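A.B. asks: So the chains spell out like this:
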Amino acid sequence: MWTAFLVIAVVIAVQGAFQTRASIAATFAAQSRIVRAQLALEEMRRLQIDEENAVRGFSLTHDPFYYTQYLGFVARFDGKLVEVRRALHAEGLVAGAGLLSDYAALQGSWRGKIAEPLLAHPGRDVTSIDKENKVFTDVEDRAVQSLRDMLAARSASLTRSTQEQVNRTAYARAFFVLLFGLLAILFNGFRGRLNRELEEERTTTEILQRAFRSETVPLPNCEVGSAYLAASSHLAVGGDVFDLYRLSDTLALLLIADVSGKGIDAAVLTAFIKFTIRGIALRRRDPGAILQEFNTAFSQTVENPYLFVSMFVGVLDTETLQLRYASAGHDSAFIRRSTNVQQLMVTGPVLGVMEEPFGSKVVFLEDGETVVLATDGLTEARNRQGRLLGEEGAKALIAASSAQPQLLADELLAQVRALGGNEMRDDLAVLAVRVHEAGSSDAS
Amino acid sequence: MLRKAVASILMLAAFAYMQPALAHAPGAKGAPPHGGCKVQVGDRVALYGTSDDPDVFIWDSRFRMRDYEGGSFDQMRALLPHATLAPAGTRATVEACVDNFVQSKYLSTPDDAVGVVVTSGPLRGKRGWVVGDAIRVIWSHH
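Line by line, the protein sequences give chains P and S. Note that this note's numbering has the first sequence beginning at -11, numbered continuously upward. Note that this note's numbering has the second sequence beginning at 685, numbered continuously upward.
Keep in mind the hints are simulated off the structure, nothing from the lab. There may be inaccurate statements among the hints.
Unchecked claim - Straight-line Cα separation of at most 27 Å, BS3-like style, residue types lysine-lysine; simulated pairs:
1) 810/S <-> 119/P
2) 789/S <-> 722/S
3) 789/S <-> 119/P
4) 119/P <-> 262/P
Keep in mind the model is a prediction, meaning the values are calculated, not measured.
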């Protein structure tokens, strides 16, 4: 809503600015026409006097030069007349156009009654028509003065109009600047509050995640590494959980899960997962049965129908290097063997969707092989072009990483981060357990 | 000598004839002059019009002069027999003044009617009325 309001305000301000510009441009054009008309009128007045002087010159000297000059002045006078008339019509000065016509008619009458008789009989006494000539001059003077006044008034009116437009524009701009300023302050305050709330939630979530995430525990005949990296966006801090729990002297629980959803709810749910699975695993050693029991508990405990969990549970015998596992829709589980990387198959649907038995599978590990468990932040990582890393990409990354589990976990995270241009779209947790035959030099 | 004496008597007679008329005119100023008039009786002036034609009409009646200033072209032409055209620069002496007598829609402000006697040129000795706008004082004893 804020954005829409700002956009509308900006559109109104921009449109208003363009309208004002067009309006002021039109006023300036009108003023320019008035100034041109004023100049043309003064030119007409000068040409009128020039006509009279040429007639006098011809009458006194009989020099045809003055006659030719007179004809030139007449033509130019009539040219200027058209120019002024056009400007007066353009400005809607009807009364002015009438005055101009009177002026032109008077000048025509002067030519007929004063100029032409003198030009036809240049020897005639000039003084005999001086009185009548003066009447023409006086009346034309009046007409021109009235036109001057009219054009000056119009020019003043346009100047006032321009000033008013400039004032209106200034007021409108001040209003919009004030409006934008207030909106920006409000928006900034709102966003700041939102950011603070999100930051608080993120901090809480991270604290919870740190609290619930397992510290790696030493296991006999095993090297363990783990790593976790939160998503870049604080909105995406979510429900990744992994755990390594020693069930007995020789058995260890390997857990990794990814809760749908983000934020505090998901983070709290990771604690529920971790401790519930531990509790079940202490009683039941079959991973399929653990998942099935957890699924029942999850459905009864979590009321949100949109929450579900993908989970891998493995029980590793550190003596026999047998791994029994069950996977509820969690496909980011691999075994890094000496020659290749094997993906461990999913054995059932994600948890929280349906009541269904979960099968268990058994794999035997060789000395130096590594179980690599990750959340979907690995297989669903994307490069800057948006291309998905996928299972094959994940296997290639694992194969290319160091054999030492902690290095492997750290390198995987670094690779995924680099792939997205230092941007993490989702959280990523990695748990790596490298097994050794009892008695081998690497066995702890 | 006789001709000179007759001329002097005629001038005095003409002056005596005009003085009462000027003195009884509404707003007329005799000596001593006063008030709104821009010139005063006795001022030596030059006649010079402010329009594009600086020659000045000298009128036999200030009322006709006023009609001329406010009239149409045809009305102005009809009044011409009552006017004499004095060349620009003609010298004259102020004999009377009626302030703001000439009022016309063509004038932004009313103008004075000034009674003068011409003191130079071919019209020397002629008496009549001119508009105040066409008067330039060249000497004043006040």
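A.B. asks: Regarding the pair residue 810/S and residue 119/P, is the alpha-carbon distance no greater than 27 Å?
C.D. replies: holds (17 Å)
A.B. asks: Checking one constraint from the list: CA of residue 119/P to CA of residue 262/P, max 27 Å. Satisfied?
C.D. replies: violated (122 Å)
A.B. asks: Holds or violated: residue 789/S with residue 119/P, Cα cutoff 27 Å?
C.D. replies: holds (22 Å)
A.B. asks: Sort out whether residue 722/S lies within 27 Å of residue 789/S, counting only the CA atoms.
C.D. replies: holds (21 Å)
Checked against the numbered hints above, the structure violates only hint 4.
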